[in-house]
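Protein chains in written order, with the UniProt record's numbering: chain L, 1 to 748; chain R, 1 to 227.
Since the hints were derived computationally from the structure, they do not count as laboratory data. You may find that some hints are simply not true.
As the list claims (entries may be wrong) - Derived SDA-like pairs (lysine to any residue); straight-line CA-CA distance at most 25 angstroms:
| hint | chain 1 | residue 1 | chain 2 | residue 2 |
| --- | --- | --- | --- | --- |
| 1 | R | K89 | L | R116 |
| 2 | L | K96 | L | A54 |
| 3 | R | K89 | L | H115 |
| 4 | L | K123 | R | S91 |
Unchecked claim - Just some of the chain R residues that point at chain L, by a computed CB distance under 10 angstroms:
| hint | residue |
| --- | --- |
| 5 | L75 |
| 6 | L76 |
| 7 | M90 |
| 8 | S101 |
| 9 | L108 |
| 10 | E112 |
| 11 | E138 |
| 12 | Q149 |
| 13 | E210 |
| 14 | H212 |
| 15 | T214 |
Every residue gets a Cβ at the ideal spot worked out from N, C-alpha and C, and that includes glycine.
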Amino acid sequence: MEPLRLLSVDPSDRGSQRCRLGPGMMSALGVHLGSPLLVSVPGGSCLCTAWPRADLAEGFLQMDLKCFSPSLLSQLPSHLSLDPAQVSPVICSKLKGVRITVIVQSVNFRKRTPHRLVHELVKDMLKGVCVHDGFVINLEDFDTEIKYVVIESISPESDSAGFITSKTAVEIAGIQTLRHYRSQLQDRHTVQLGGLEEVSASLREMLKLPLLYPSTLSSLGVSCPRGVLLVGPPGVGKTLLVRQVVGEVGACLVVVRGPEVVGARPGESEEALRAVFERARSAADEGPCVLFLDELDSLCPRRTSSSAPENRLVAQLLTLMDGMNQSDRFLIVGATNRPDSLDPALRRPGRFDREVIIGAPTLQQRKAILSVLCERMPVCPSVNLTELAQTTTGYVGADLSALCREAAMHAIREDSKCSGEQLVSMKHFHEALKSVRPSCLRSSMGRTELSPVTWEQIGGLDDVKLKLSQSIEWPMAHPEAFVRLGLCRPRGVLLYGPPGCAKTTLVKAAATSSNCAFLSVSGADLYSPYVGDSEKALAQLFHQARACAPSILFLDEIDSLIGSRSHSQTPNSVQTRLLSVLLNEMDGIGLKTHERRGTEKILQAEGVEESHTPEQLDCQEVCNKDVMVVAATNRPDCLDSALLRPGRLDHIIYVPPPDQEARLAVLKVCTKCMPVGADVRLEDLAAKTELFSGADLENLCKEAALLALLDGNMEASDIKHTHFLRSLSKMSSSLTEQQINKYETPPR
Amino acid sequence: MSTLAVATLHQALRKSFATLESNQKVWKSVLAECSPLMVSLGNLAEQSRALSNVQISNTPLRVFPDLEERLRFKLLEATDIVLGKLNEKMSSLQSARDAISNQVAAILHLYEQNTHSLDLLAVTERSTTTPSVADMLEWLQDAERHYRQQYPFLSSVLDVYVIFWYFFPLTLVFRFLRRKTLLQTLRADDLSLLESAPQRWNSLESPSAEDHITDTLCKVSFFVESQ
Chain L
1 MEPLRLLSVD
11 PSDRGSQRCR
21 LGPGMMSALG
31 VHLGSPLLVS
41 VPGGSCLCTA
51 WPRADLAEGF
61 LQMDLKCFSP
71 SLLSQLPSHL
81 SLDPAQVSPV
91 ICSKLKGVRI
101 TVIVQSVNFR
111 KRTPHRLVHE
121 LVKDMLKGVC
131 VHDGFVINLE
141 DFDTEIKYVV
151 IESISPESDS
161 AGFITSKTAV
171 EIAGIQTLRH
181 YRSQLQDRHT
191 VQLGGLEEVS
201 ASLREMLKLP
211 LLYPSTLSSL
221 GVSCPRGVLL
231 VGPPGVGKTL
241 LVRQVVGEVG
251 ACLVVVRGPE
261 VVGARPGESE
271 EALRAVFERA
281 RSAADEGPCV
291 LFLDELDSLC
301 PRRTSSSAPE
311 NRLVAQLLTL
321 MDGMNQSDRF
331 LIVGATNRPD
341 SLDPALRRPG
351 RFDREVIIGA
361 PTLQQRKAIL
371 SVLCERMPVC
381 PSVNLTELAQ
391 TTTGYVGADL
401 SALCREAAMH
411 AIREDSKCSG
421 EQLVSMKHFH
431 EALKSVRPSC
441 LRSSMGRTEL
451 SPVTWEQIGG
461 LDDVKLKLSQ
471 SIEWPMAHPE
481 AFVRLGLCRP
491 RGVLLYGPPG
501 CAKTTLVKAA
511 ATSSNCAFLS
521 VSGADLYSPY
531 VGDSEKALAQ
541 LFHQARACAP
551 SILFLDEIDS
561 LIGSRSHSQT
571 PNSVQTRLLS
581 VLLNEMDGIG
591 LKTHERRGTE
601 KILQAEGVEE
611 SHTPEQLDCQ
621 EVCNKDVMVV
631 AATNRPDCLD
641 SALLRPGRLD
651 HIIYVPPPDQ
661 EARLAVLKVC
671 TKCMPVGADV
681 RLEDLAAKTE
691 LFSGADLENL
701 CKEAALLALL
711 DGNMEASDIK
721 HTHFLRSLSK
731 MSSSLTEQQI
741 NKYETPPR
Chain R
1 MSTLAVATLH
11 QALRKSFATL
21 ESNQKVWKSV
31 LAECSPLMVS
41 LGNLAEQSRA
51 LSNVQISNTP
61 LRVFPDLEER
71 LRFKLLEATD
81 IVLGKLNEKM
91 SSLQSARDAI
101 SNQVAAILHL
111 YEQNTHSLDL
121 LAVTERSTTT
131 PSVADMLEWL
141 QDAERHYRQQ
151 YPFLSSVLDV
161 YVIFWYFFPL
171 TLVFRFLRRK
181 TLLQTLRADD
191 LSLLESAPQR
201 WNSLESPSAE
211 DHITDTLCKV
221 SFFVESQ
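Work the whole structure out from these sequences, hints included.
As structure tokens, then:
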């Protein structure tokens with residue numbers, strides 16, 4: 001049979017539940033006037049009664065949506081082609097009883113209309129309607145406050161559809177407002193969230209407990225927490241988390257954004273806030289409800305002594321939160337990234353009972369986030385999410401989603417060049433990693449772009465390299481071994497030695513080889529003419545470094561940056577104050593609460609979490625949650641002894657001037673990209689350059705090359721041994737025997 | 001077989017249309033009788049509002065003892081009487097509606113019984129004087145739906161009075177007991193609802209829908225008369 005065209009319903013048929021068909025089609029289906037038909041359209045199906053078209057034309061279908069599946073509530077199909085097979089007759093018998101939920105327009109009607117009246121009206125309206133289990137009945141044509149009826153169950157249960165007669169018992173299971181019902185329908189399909197299972201479980205519990213066990217709670221005499229403050233850096237998914245939990249529980253969400261309620265005229269903001277609470281209260285009558293105060297710090301800043309208008313707003317919020325009684329069954333969730341700027345009165349039990357700190361995601365969480373993000377993307381099977389998670393230290397959820405988007409964009413760009421399969425591969429992710437940087441480091445002063453240096457680019461110093469990689473790389477690469485032996489990663493490393501012996505380059509190489517965030521700071525960043533500013537800057541630097549741990553904080557020329565208490569002439573200089581900050585940050589009494597990483601388990605009723613065996617990734621988190629301070633100096637004697645004790649700068653590594661073998665290695669590295677003549681004997685040069693530092697040797701090579709250019713009138717093609725010898729004769733070593741002897745005695 | 005069934009149906013249809021016509025008249029007349037009642041109800045609400053707005057102690061009328069309570073009692077009593085009358089009207093509307101519903105249900109039942117002998121061709125066959133069975137059944141259904149839609153529509157206007165009934169049963173003793181409750185529940189917004197009731201009542205009378213019924217009756221007039 002040819003397909004049927006679906007036309008919009010005739011106005012006179014509205015509310016009649018008729019489905020207009022051609023008589024030929026009706027006889028083909030074997031139905032008579034008023035027989036129930038089930039029509040399935042894309043997105044749902046509709047139950048209606050067959051009736052011939054007034055013009056008796058075939059090939060068209062007009063149906064009145066009286067009884068349809070809930071998914072059709074939002075979008076009604078129009079102008080479709082239907083296959084005749086999608087229309088099928090159903091057997092409808094008279095129903096003994098139905099259980100329904102009534103959907104009404106306004107809250108007022110729901111509250112004030114007697115149940116008896118609603119029952120009477122609904123029963124009257126439903127008479128003669130053909131209903132299907134789980135479907136929605138549209139009653140809008142009656143033009144009353146009652147808009148829809150949802151069929152929860154029908155009796156006898158063996159049938160899926162049936163007629164409602166005057167003898168059918170109608171039981172009202174509940175009355176909801178249309179808004180609530182629609183929001184429930186919408187919330188069924190929400191975004192997935194990775195890595196925040198524990199926080200979301202605790203939020204969910206708070207929402208559900210008072211609904212599931214109201215009597216238990218009241219018999220215990222406890223009140224369930226009514227306020228939660230979510231604290232965390234921007235982009236960790238605070239807002240998304242609330243939306244997801246609300247969607248999952250099927251609660252109603254009332255959102256307040258700080259700036260939205262603030263009005264220009266006096267008293268306007270307070271009124272808006274009261275209205276919001278009233279809205280939440282009426283929504284809470286129908287089911288769980290969450291009042292979400294986003295960007296709470298802008299709404300509720302610390303009250304100042306002056307009579308600023310914000311003070312009144314804060315006071316209003318406090319009184320509203322206090323005025324909530326146990327019968328107001330809604331949960332207030334606040335979110336902020338600056339908990340310290342909130343009014344302290346807000347942060348006490350009774351207002352925000354719980355503070356949930358969502359830190360920057362840990363490795364495990366990042367992996368979970370990435371797997372959620374990549375679920376919808378056509379990702380190449382070769383993409384290793386664990387590796388990606390390892391390289392993205394300090395990235396928050398928003399950064400990771402930006403990363404995935406960027407990677408996908410790279411894939412699309414590549415795809416437009418050569419039409420192949422659209423798959424996002426590891427290569428694209430690496431491209432994206434270059435452009436998307438962690439947002440927690442975005443405004444940091446210490447963030448440095450490194451040109452990557454490999455260990456091979458540094459000649460000699462093999463034991464120093466080994467020691468460095470021991471303290472920086474090993475905890476990253478073999479965390480399980482560290483945990484097994486009860487080792488923890490060193491807090492700090494001090495490199496000391498004569499100038500020009502590649503201390504800075506060594507640190508660069510270490511940073512390159514480990515995938516740490518690398519922060520470097522110099523005196524110019526720290527010093528400021530204001531008292532206390534430098535100390536604050538250093539503390540801030542540590543804070544940021546911890547936020548994206550594991551990270552390396554590099555303090556070059558630490559002797560000039562941080563003073564020593566014993567040698568200093570002025571005991572209260574900036575240097576000494578900086579030193580005290582550094583000592584505290586490296587081995588202080590603890591972290592600030594809102595710097596916590598990940599989330600701890602805070603479940604009340606879910607029972608004991610089963611302890612899972614430590615996996616490699618967990619070990620990695622345990623070992624690498626700290627900042628590692630790497631300092632370099634050539635005057636170790638100037639450092640304060642407190643800084644050098646284990647627990648602060650544990651590993652003190654002497655970077656010696658190169659010996660003959662090392663010098664040869666350095667020369668080889670330096671001349672790698674130089675066209676060196678065949679007669680050049682590097683071993684000979686290495687022997688002659690006693691007491692030369694690495695920098696000296698590099699300079700020597702440069703000089704020789706310049707000499708070669710001078711001789712050959714810019715056309716020299718190679719550097720001869722004589723050039724090296726001539727440049728050597730002009731230079732003297734920058735180190736002295738005496739200097740080196742001084743370094744040989746260890747500083748502590 | 002088919003012709004016999006069609007003839008039976010036609011006979012029943014004639015009867016149904018006669019019922020529809022008579023009940024339409026009843027419906028119209030009852031509605032007309034309701035209008036003055038609604039107006040007086042609105043007046044009473046207005047008076048109640050005026051009474052709550054005025055401070056009798058500030059006027060020369062303060063010498064009369066318990067004037068406010070007495071006046072309010074009088075108003076409530078009058079409202080009670082008007083509502084009682086309206087309720088009677090509502091029940092006669094309901095009976096008219098039920099008569100139509102029952103008639104339509106009966107004829108549909110008759111059709112259902114005869115479906116095996118009626119093929120679609122017989123059902124959809126129409127002539128200049130006789131509309132097809134399908135058409136006539138459809139019109140009857142439409143008319144029935146119209147009255148059914150009108151009724152809850154009307155009673156939704158009376159919602160507020162139903163709430164009123166809730167707190168204000170007819171028995172006098174009970175009324176005295178509950179008067180206080182009623183006075184507390186009847187807030188200003190209720191009064192405004194009461195006041196607007198006549199307008200709402202009038203807005204419900206949809207001439208086009210009623211005309212539709214009249215149209216239908218015209219369409220079948222030849223058929224009804226052709227015995």
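Hints violated by the structure (listed by number, smallest first): 2, 5, 6, 7, 13, 15
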